[in-house]
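Sequences listed follow chains A and B, in order.
With the numbering used here applied, the first sequence has no gaps in its numbers, which climb one by one up to 507 at the end.
With the numbering used here applied, the second sequence has no gaps in its numbers, which climb one by one up to 507 at the end.
Among the clues, some could well be false.
[Said to hold, decoys possible] In the SDA-like style, the derived pairs of lysine to any residue whose C-alpha atoms are separated by at most 20 angstroms in a straight line are:
hint, chain 1, residue 1, chain 2, residue 2
1, A, K477, B, G176
2, B, K503, A, N273
3, A, K477, B, E415
4, A, K452, B, D313
5, B, K274, B, E218
[Claimed, not checked] Heads up, incomplete: computed chain B residues facing chain A, CB under 7 angstroms, no partners named:
hint, residue
6, Q148
7, K151
8, L153
9, V155
10, I159
11, G210
12, G324
13, Q333
14, A377
15, P378
16, V414
17, I426
Calculated directly from the structure, the hints in this document are not laboratory data.
A virtual CB, placed ideally from N, CA and C, is assigned to each residue, including glycine.
Each chain, written out:
Number of protein chains: 2
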Amino acid sequence: MGIRAELKKGRMPEQVREVADSEGVDVEILKKGIIEGKIVIPKNKKRSNIKSVGIGYPLKTKVNANVGTSTDQANKDLEVCKAIAAEEAGADTVMDLSTGGNLSEIRKEIIKKINVPLGTVPIYQAAIEAIEEEGGIVHLKEEKIFDVIEEQARDGVDFMTLHCGVTLDTFERLKIEGRIMDLVSRGGTFLLTWMLYNKKENPLYTNFDRILDIANEYDITLSLGDGFRPGAIADSSDRAQFFELRILGELTERAWEQDVQVMIEGPGHIPINEIEMNVKMEKKFCNGAPFYVLGPLVTDVAPAHDHIVSAIGGAIASYYGADFLCYVTPTEHLGIPGVEEVREGVIASRIAAHAGDVAKGIPGAAEWDREVSIARKKMDWERQFKLIIDPDRARKIRDRVKPEIFDVCSMCGEYCAIKLLKDTLKEKKRGE
Amino acid sequence: MGIRAELKKGRMPEQVREVADSEGVDVEILKKGIIEGKIVIPKNKKRSNIKSVGIGYPLKTKVNANVGTSTDQANKDLEVCKAIAAEEAGADTVMDLSTGGNLSEIRKEIIKKINVPLGTVPIYQAAIEAIEEEGGIVHLKEEKIFDVIEEQARDGVDFMTLHCGVTLDTFERLKIEGRIMDLVSRGGTFLLTWMLYNKKENPLYTNFDRILDIANEYDITLSLGDGFRPGAIADSSDRAQFFELRILGELTERAWEQDVQVMIEGPGHIPINEIEMNVKMEKKFCNGAPFYVLGPLVTDVAPAHDHIVSAIGGAIASYYGADFLCYVTPTEHLGIPGVEEVREGVIASRIAAHAGDVAKGIPGAAEWDREVSIARKKMDWERQFKLIIDPDRARKIRDRVKPEIFDVCSMCGEYCAIKLLKDTLKEKKRGE
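Bound conformation, chain A alone:
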């Protein structure tokens, strides 16, 4: 039985109390949110020793960091290192998206080393093992997919991305309307490739009840994937995208009937003027289930700086009600990130999440800014460094050009507006 069912029976699972404590939110609000499906706490029953993380309204917007090997760089230790770096930089969850090397081993190692919820995309492992064992994705046996889901569930995975809305019908919508980038979701593409070759419907869609059974057994949170998310601003918010979202809404209701926790994945490449609509459509179609967005990326023209591009989109999405931001690193669209870029991605995403929280009035959010500003006004640098998101880098910048007067910084030096006005007002008071 999962926490949703337990709460309905009047019990109060430990993880609900933990989230109530860490968020400063009443347990009754959490209980109501989880039962209504507006909040999830992704925590596999096998993982007792991790932090409980709540995702959904009215909790703080959360940040996920993706790590994982690729065929071009399959170094387990490096990915473990990235996962740890992501957690240290403040990621609320980590996803292991490995596609190179021994996938089970890498996953187990990451699970061992991090203290936050772990997510995966099981179709990666199923497809890649089918290539290795059967000679191609198209030869993947349906049973294999559920075996992998079960295996990963046993390993303790807390939430799983499952592209259940990638159906032949959805693809028909894409074909009719046309797109520049077609699909950019790896999981979605694996499935569609299999479906088109075998002329069969998506097994994750046709066997959704099997998924629910496994999710129920381990209390895994389903992250219903958006295989048709747009991969270009020119493709944003098209019929295929919302056709798939409609399916995800229907599946959300089926999951809730079985008391399985669900969140919904969202785009992708979306211009600023369509972000509000995207968030509202998700909340409408999926009855308020938490919205987990990848970015959104608000322009295609800035690879090498896509952490900034998606911080813009993420902040706006968070403001309008997105609950969970998947980070994007500076290397997106170009290559696999290094440890430092993982860190930069997490920080950019945390800035976006928090800026959204301030704007949507999440309790305690604006208070953080106020505390920093008070310290800044007092020129209390140590207090500022204690409070801010990235004290290490801030300290380095400040120390690089030492100001002659200790309490200011080298930008304005002795003509610091704060200092100058403070002195003026002090003198004025004395003079009065």
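The hints should help you fit chain B onto chain A, whose structure is shown.
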């Protein structure tokens, strides 16, 4: 006579034609915009050899980069180097905000070396020379301010920030309501210090006609400064801020009567949910004069990453109608930026400006994204690098981990969704 007056007389100044060419906008639209005050082209009559830059609706959102010495780092060559780096990174204008060393020399050198419009804040030089010559800001002679404005005009400065709205009355509003950060504008603070000590009104306000005379002679664009811009999220959009904006609106009308070009400076530290209102208030109070925002910074908690913080605010402001973004570098609130940080600031701001342009439908903006996406779909990396904002850094990232298959990248390697689906659809077509 400035371009506004010339256009009214039926002449067509060269800079209007240049802007029409570079923006792909009809000269008649420009003419109408300039006469109505909705567009400015900051170009001192003494500066014939620079690029003409148009700022205002419906032109592309522009980006300014601040450079300049401080008392803690007064290296002329370094600031010239930053100004050049800013222009190379794509800044549309540069402001010299020097406060250390020989201010006239530095300004002259920067003017010589850059090909984009240059802005200054003349009160800096006036105040600092008063400290050196008279022993304190409070001893600044009113005449000195206008001498400096005249000197800088003769040197060829294209636009000047003048904090004409910093009045005793505005300060009264601040005192009644209270603020954490009081003033954070250096220019505003210099003036207020002088005003409070001398119990006199702001000379830039009381002698506004003298400013208009000089502006007229050289066709200098006035950038009416917001000395009361909030320096903390907790202080945003308060009465003092909008009281000052109201004054700037009144002065805008007086400037237009003399055919002086005007833009209006805006905040500052503003939460996401107040940005739209800020832009709309400026457009309302100031009859559509171009809005030049500093950031806005949407949270106080991320020094060392304030280029990201202000890219978020800048993109949203641009979307709602801001015309001109002042960049913020990663060192904001901590120290004077280096060359590399100037570059990062410009790029972050350009991303913000463009994302806003895509969202507000500036002609040609979304087309740029489409071109990049088409190149990405074709896996034409050279074309992508040719098109994007920062090809150098993108190339470095891609080359760091070389993909085994040339046309993909090391993120997904052989499981690249784009490649996979392309192959699937090709095969399917063959099979049909």
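Tested hints:
1. This hinted pair checks out: K477 (chain A) and G176 (chain B) have alpha carbons roughly 17 angstroms apart, not beyond 20 angstroms.
2. Straight-line distance between C-alpha atoms of K503 (chain B) and N273 (chain A) comes to about 11 angstroms, which keeps the hinted pair within the 20 angstroms bound.
3. At roughly 18 angstroms between alpha-carbon atoms, K477 (chain A) and E415 (chain B) fall within 20 angstroms of each other, so this suggested pair holds.
4. For the given pair, K452 (chain A) sits about 18 angstroms from D313 (chain B) by alpha-carbon distance, which is consistent with the 20 angstroms threshold.
5. Between K274 (chain B) and E218 (chain B), the direct Cα distance comes to roughly 17 angstroms. Compliance with the 20 angstroms bound is thereby established for this hinted pair.
6. For the restraint placing Q148 (chain B) at the interface with chain A, the shortest Cβ-Cβ distance is roughly 5 angstroms, inside the 7 angstroms limit, so the hint holds.
7. Hint status for K151 (chain B) relative to chain A: violated, with the closest Cβ pair at about 16 angstroms, above 7 angstroms.
8. The restraint placing L153 (chain B) at the interface with chain A is violated, with a minimum CB-CB distance near 11 angstroms, outside the 7 angstroms limit.
9. The closest approach between the C-beta of V155 (chain B) and any C-beta of chain A is roughly 18 angstroms, which is over the 7 angstroms cut-off, so the hint fails.
10. At a threshold of 7 angstroms, the smallest CB-CB gap from I159 (chain B) to chain A is about 20 angstroms, leaving the interface hint violated.
11. Taking 7 angstroms as the C-beta contact cut-off toward chain A, the hint placing G210 (chain B) at the interface is violated, the least distance being around 14 angstroms.
12. Against a cut-off of 7 angstroms between C-beta atoms, the interface hint on G324 (chain B) is violated, since the closest Cβ of chain A lies about 24 angstroms away.
13. With its C-beta approaching chain A no nearer than about 31 angstroms, Q333 (chain B) sits outside the 7 angstroms limit, and its interface hint is violated.
14. Using the Cβ-Cβ criterion of 7 angstroms, the hint placing A377 (chain B) at the interface with chain A is satisfied: the shortest such distance is roughly 5 angstroms.
15. Contact between P378 (chain B) and chain A, as hinted, is supported at the beta carbon level, the nearest pair being about 5 angstroms apart and thus within 7 angstroms.
16. A least Cβ separation of about 13 angstroms between V414 (chain B) and chain A goes past the 7 angstroms threshold, and the interface hint is therefore violated.
17. This hint holds: I426 (chain B) has a C-beta 5 angstroms from the nearest C-beta of chain A, less than the 7 angstroms allowed.
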